[in-house]
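K.L.:
Sequence:
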Amino acid sequence: MHKYSETWKNDIANTPKLRTYKLLKENLQSEQYLYNIKTTAYRSTIFKIRSGTLPINIETGRWRNIPLDQRLCNMCDGGSIETELHFMCECSVYVAPREKLYNSVMIDRGQPVGDIFKILINGFPKETARYITECMAKRQN
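Each residue of the sequence shown is one higher than the one before, starting from 530 at the first, in the working numbering.
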């Protein structure tokens, strides 16, 4: 198993598409959210953000062969590439629902954004799925 685990780590380290997955996935084992989140839609939402398949510009731009540096967030005026991290923790359009999420799980806002991202997805997947669902609905309006 150790050899397989090392091969797995090397494979994901060398695959740019798995940028978020390799940030969140530290060990080769089933994730608890798969068992703890009973709502299929929420489980699917967490899977999508973890795997980099949530339909935000970093992913949808890849489908359309748009260069990475041009996959900007259409929701805010920040001129940022719309990555999962930007979508979850930085986009100014989602400040109100983000504050609600941070308050509900008592996030320490003094931490680096990347750490907050990991804590939310790995530690509070149900609450995070609810937040993502609310933000994605906002995109439809």
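Errors might be hidden in some of the hints.
Cut-off 25 Å, straight-line C-alpha distance, at most; resulting in silico cross-link-like pairs (DSS-like, lysine-lysine) [as the list claims (entries may be wrong)]: (1) LYS546 / LYS629; (2) LYS554 / LYS567; (3) LYS577 / LYS667; (4) LYS577 / LYS538.
Everything labelled a hint here was simulated from the structure, so no lab data went into it.
All values reported here derive from a predicted model rather than from experimental measurement.
K.L.:
Evaluate each hint against the coordinates.
P.N.:
A quick look at each hint next to the structure:
no.: 1; hint: LYS546 / LYS629; result: violated (30 Å)
no.: 2; hint: LYS554 / LYS567; result: holds (21 Å)
no.: 3; hint: LYS577 / LYS667; result: holds (18 Å)
no.: 4; hint: LYS577 / LYS538; result: holds (20 Å)
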